[in-house]
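Trainee: Since the structure of chain A is provided, determine the placement of chains B and C with the ligands on it from the hints.
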Amino acid sequence: MTKTGNNEIYSTEEKALCLSGKGVTKVFGSGDKKCIAVNNVNFKFHEGEFVSIVGESGSGKTTLSKILLGLLNPTDGEIFFKGEPRDISSIKKRKEYWKGTQAIFQDPFSSFNIFNKIDTVLLDCLKMRGVKRSDKQEQVRLMTEACNFVNLKFAELTNKYPFELSGGQMQRLMIARIFLLKPKILIADEPTSMIDACSRATILDMLLKLREEIGMTIIFITHDIGLAYYISDSVYIMEHGKIVESGLADEVILNPKAAYTKRLINDVPKIHEAWDLDTV
Amino acid sequence: MTNTIKQIFHSPKFVVGFCIMAFILLSMIIYPLVNPGNPLEMIGLGSFQKPGTYVSLYDSIDSSSTIFKLPDAENNRISQKLKDEDRIAIMNWLIDYGVSESDINLSDTNSLLDLWWKNYDSSILVEGMTKAKRNYYMRLNKSLESAKRTEEYVVSHTDKELNELETVRTIENTDYVNIQDVANVKRLPLGTDNFGRDVLKELVSACGTSLRIGLIAGAIATLIGLTFGLLAGYVGGIVDDIIMFITNIFTVIPSFVLLLLISYSIGQDQRGASTIALVIGFTSWVWTARAVRAQVISLRKRDHVNLSKLSGHSLIRIIITDILPYIASYVVMAFILQISTAILAEAQLSMLGLGPKTTEVPTLGLMMNWSMLYAAHLNGSWWAYFPVLLTIALISFSLNLMNTGLDQVFNPTLRD
Amino acid sequence: MTTPMLEVKGLSTKYVTRFKENVYAVDNVSLSLEEGQSLGIAGESGCGKSTLALSLMGYYFPPLHYMKGDIIVDGKNISGLAPDEVRRSILGNEIAYIPQSAMNALNPTQKIINFIEDVIHAHNPDMSKMEIYQLAAERFETLGLSADVLKMHSVELSGGMKQRTVIAVSTILSPKVLIADEPSSALDVTSQKMVIKMFRELMDKGFIKSMIFITHELPLLYNVTDRIMVMYAGRIVESGTAEEMVFDPVHPYSKGLMNSIIVPESGVRDNKLTAIPGTPPNLKKPPSGCRFAARCRLATDECRKSEPKVQHFGSNRNYRCRLTEAQLREEHSND
Ligand SMILES: Nc1ncnc2c1ncn2[C@@H]1O[C@H](COP(=O)(O)OP(=O)(O)OP(=O)(O)O)[C@@H](O)[C@H]1O
Ligand SMILES: Nc1ncnc2c1ncn2[C@@H]1O[C@H](COP(=O)(O)OP(=O)(O)OP(=O)(O)O)[C@@H](O)[C@H]1O
Ligand SMILES: [Mg+2]
Ligand SMILES: [Mg+2]
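Protein chains in written order, with this note's numbering: chain A, 9 to 288; chain B, 874 to 1289; chain C, 4 to 338.
The hints are simulated quantities; they were obtained by calculation from the structure and are not laboratory data. Keep in mind that this is a model prediction, so the values were computed, not measured. There may be inaccurate statements among the hints.
[As the list claims (entries may be wrong)] Dumping the calculated BS3-like pairs for lysine-lysine here, alpha-carbon to alpha-carbon at most 30 Å:
id, chain 1, residue 1, chain 2, residue 2
1, A, Lys161, A, Lys192
2, A, Lys42, B, Lys1174
3, A, Lys168, B, Lys1021
4, A, Lys125, C, Lys23
5, B, Lys1174, A, Lys103
6, A, Lys161, C, Lys288
7, B, Lys1174, A, Lys192
8, A, Lys190, B, Lys879
9, A, Lys161, C, Lys287
10, B, Lys1174, A, Lys168
11, A, Lys135, A, Lys217
[Unchecked claim] Under 8 Å between C-beta atoms, here's a sample of chain B residues computed to sit facing chain A:
id, residue
12, Arg1175
13, Asn1179
14, Pro1198
[Stated by the list, open to error] Here are a few chain A residues that sit away from chain B, every Cβ distance over 12 Å (derived from the structure):
id, residue
15, Lys161
16, Ala163
17, Glu221
18, Lys270
C-beta atoms are modelled at their ideal positions from N, C-alpha and C, and glycine is treated no differently.
The following block holds chain A by itself, in its conformation from the complex (with noise of 0.2 Å):
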């Protein structure tokens, strides 16, 4: 059993930029159909930090993760890598972007393409750090291991197909992934919205494991407030595409100054202290 709490005073004063945004908006659609999904939004993420951004459903956490990650385009607003624009116009330099910039998606059962055996999906991760095609013992030591990490036994997932396993495994396996390719940044998006809360723990473990042995910046994106609470340093709460309030966990989720934050957290069920039913 590991420790994972995180309760030493974090301040990101001597930490070096990793990626920021100024005034990043996306809008979709036009006319009526208009919906702006992220709205004028600023941040600055440190290297080595964990960061969760919280909001409701619908309020443009993916979006906003798809725009880190280069998916997306902004409609407005400029994205800064290492403290400079991030360039990533071009095919090559966007492959060199993801190099070190991976992620976790929201479901587990769309982000495999089902048609292809599991093998496939390190395989590809094994290309990608550049290990030999031919070095098929390197390449099954390097699986096993990765497969080791998350709690899953590569015996059992060689020749199977994705959808033959369950969406916790899923998720797992695509935290196999990230530990074979060691990005700088992971954006994770509700890594544990498929897992019921008792195997929650183990997701969470993992992450952290994975910040300790790479030292990489975390994205974690969830609604669940405790979660956020709990494992990261500072805290993004998302309202309508907007970032209502932000700043270090223990300061947002103890004195909470947005309206919002403060709903967020009174709506979710505590334990020590009473859970107030009638206002809703």
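Mentor: Positioned in the frame of chain A, the structure of chains B and C with the ligands alone reads:
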């Protein structure tokens, strides 16, 4: 994969469609082996010869005969001559002549004929009867008399040198030849068409040509539609705009009009079956392209495509491994429908006289066209067009059935 | 002592798969539910919570099969009844059941009132449409739902509204027991809160006499239910009052579960979040002995060989482990 195929063959609709198609294909392969020869050979000198077995009269004279005394031979001979309408005509004559209606029994051939022989006289002028009608009764009487006749026929041969007739043989009304002994017997299950060609043989060959046209046209349409749809849907942006522009142009002009214009401009001489197939293919890809594009647009947002991008895969590889397999079942279904529509399109074109050149190969459409031109439907020669219609219907029915069967397997919302 | 609303003794059920394999998803479960009580069932995904809910109704149809045990609803044993009989006389008016994805399974072509008519007509075919409407409208108003909802189709309702409507529809006959399987897991926190509030109201106003609430969200169970049972691989491993179970679990598995509770409260970040290593056993071939042994820190060869007995202590605490309460507490305090 094998599981999917198993599932497909569990769908009753697909299985029925598949069986019909397999039957059509099998008969296309087997029939030419049993009955080889050029399907467009004009074997008959008449037009629209009835279906049935034709026995060479010439050869049967030479064949050894034997004698049967069959009790109903005479009756058969008469009733072969005496059609239902003739009976009614006889009745009408008799009534007009003055025989009371209650004495006439239409179904009893003997009593009817007795009355006729007793009363008919060509010299009697029945009041209000046209000349044509009178002639008809005379002809009818003559033919009935010939059937009644019991004397033998004498077949003779002209001796050129002596310039006289030399009797070869006399034929009694009890003489029979075994059909096996006759050298030339022609079975024409579906008769002949206006040019005296074996309709069944023609039909089998036409079926093959039409399916080939369907296959080529379907393949071309699917290929173009798929490529355009994939590019437009996945690449998006300006590529999408250009492709959608072309697609919209093709949508606005009805593809059949386009088909007519192109076929017409090619000219009769250049129009082989494959040219027609090409033309049909090039004008019917539009909806495949639109449908594929729509599917790809929704697929492209899926996370497995994003994952593939993050893994540094190239555009081509993403399209081939992450998009194509997901729409493969859909494309197969579209392909099947394209075949069916192409066969129908060929039929329509040919009906309008814009089909393939008429001298080379028969197609289902051409057969329809010929029987229309020679008014088969007006003179009651159903065998020249009805089997063709049935075949077209069966092919398109079986293809559509397979398509819905596949749809049920691949589209979970339709599964019950 | 009054008769319990629901009493279950040694219930075992299994699934028979297409390949004729047996999945022993509920094994020897006993429980008792008094009037006015609510019971929570917690456990990992795949441990058999939904199967238990189905089995409790006595309504078996393939692939689920009854093996043994008694189900007594308000003094009446229903375990031997034929499925038809159960549907006619038990479901809806004695036991109401809200399946895991009920709100997504509503027929979109039907109005809400049609569902209510179906439920009522199954037990009371003579009731007229007017009477049903009046009854439903009154009930909906009491529960804080507008009577207009009755005239709507399910697609017109938002997620939280749909779930609350489903609950109101299923309890329209004021059943003795309500079994709700993950009623709030697919909802956001605000809608979840409204659903919970509705359960409270149903209970307070006497529309339901007792309730079984299935979820893997422990903080929720703690706030909603009186007693909590922890299930592992088809068996109940520990039960007790909500308070006791959350703050003083004894079974190593429940202990592990309670350690995974995460709430936004000060001090949580100092807690140890422990992950139970390994994965649950395959229920087609459950291991002999204690089913948790493979993942248990305290397991010995003895555990793997022989089945642990259920042990009791306190007022009504039960757990299934070879070790005594004192030994277990000792081990937990060593961490
Ligand atoms: N491709 C798109 N086209 C149009 N609208 C979109 C698109 N993607 C997202 N949206 C809209 O943008 C808003 C934000 O969506 P997003 O998926 O980012 O929310 P989210 O915070 O991730 O929600 P959840 O917790 O449900 O995942 C929603 O209102 C959604 O309808
Ligand atoms: N129809 C079925 N046929 C065979 N086995 C089944 C069937 N349904 C469920 N099972 C098996 O029974 C076990 C218990 O399933 P159940 O659905 O009761 O779990 P659960 O605790 O409700 O999980 P969750 O939290 O994911 O809903 C699982 O191992 C599952 O694989
Ligand atoms: Mg999202
Ligand atoms: Mg369940």
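Trainee: All hints, please: hold or fail.
Mentor: Hints, verified against the model:
1. A/Lys161 x A/Lys192: holds, 26 Å
2. A/Lys42 x B/Lys1174: Distance ~19 Å between A/Lys42 and B/Lys1174 Cα, so the pair holds.
3. A/Lys168 x B/Lys1021: Not satisfied, since the Cα-Cα distance of roughly 86 Å exceeds 30 Å.
4. A/Lys125 x C/Lys23: With a Cα-Cα distance of about 27 Å, the restraint between A/Lys125 and C/Lys23 holds, given a limit of 30 Å.
5. B/Lys1174 x A/Lys103: Holds, at about 19 Å.
6. A/Lys161 x C/Lys288: holds, 19 Å
7. B/Lys1174 x A/Lys192: holds, 25 Å
8. A/Lys190 x B/Lys879: violated, 42 Å
9. A/Lys161 x C/Lys287: Roughly 19 Å between the alpha carbons, so the hint for A/Lys161 and C/Lys287 holds.
10. B/Lys1174 x A/Lys168: holds, 25 Å
11. A/Lys135 x A/Lys217: It holds: about 24 Å lies between the C-alpha atoms, which stays within 30 Å.
12. Arg1175: holds, 5 Å
13. Asn1179: holds, 5 Å
14. Pro1198: Hint on B/Pro1198: holds, closest Cβ of chain A at ~4 Å, below 8 Å.
15. Lys161: holds, 23 Å
16. Ala163: holds, 23 Å
17. Glu221: holds, 20 Å
18. Lys270: holds, 33 Å
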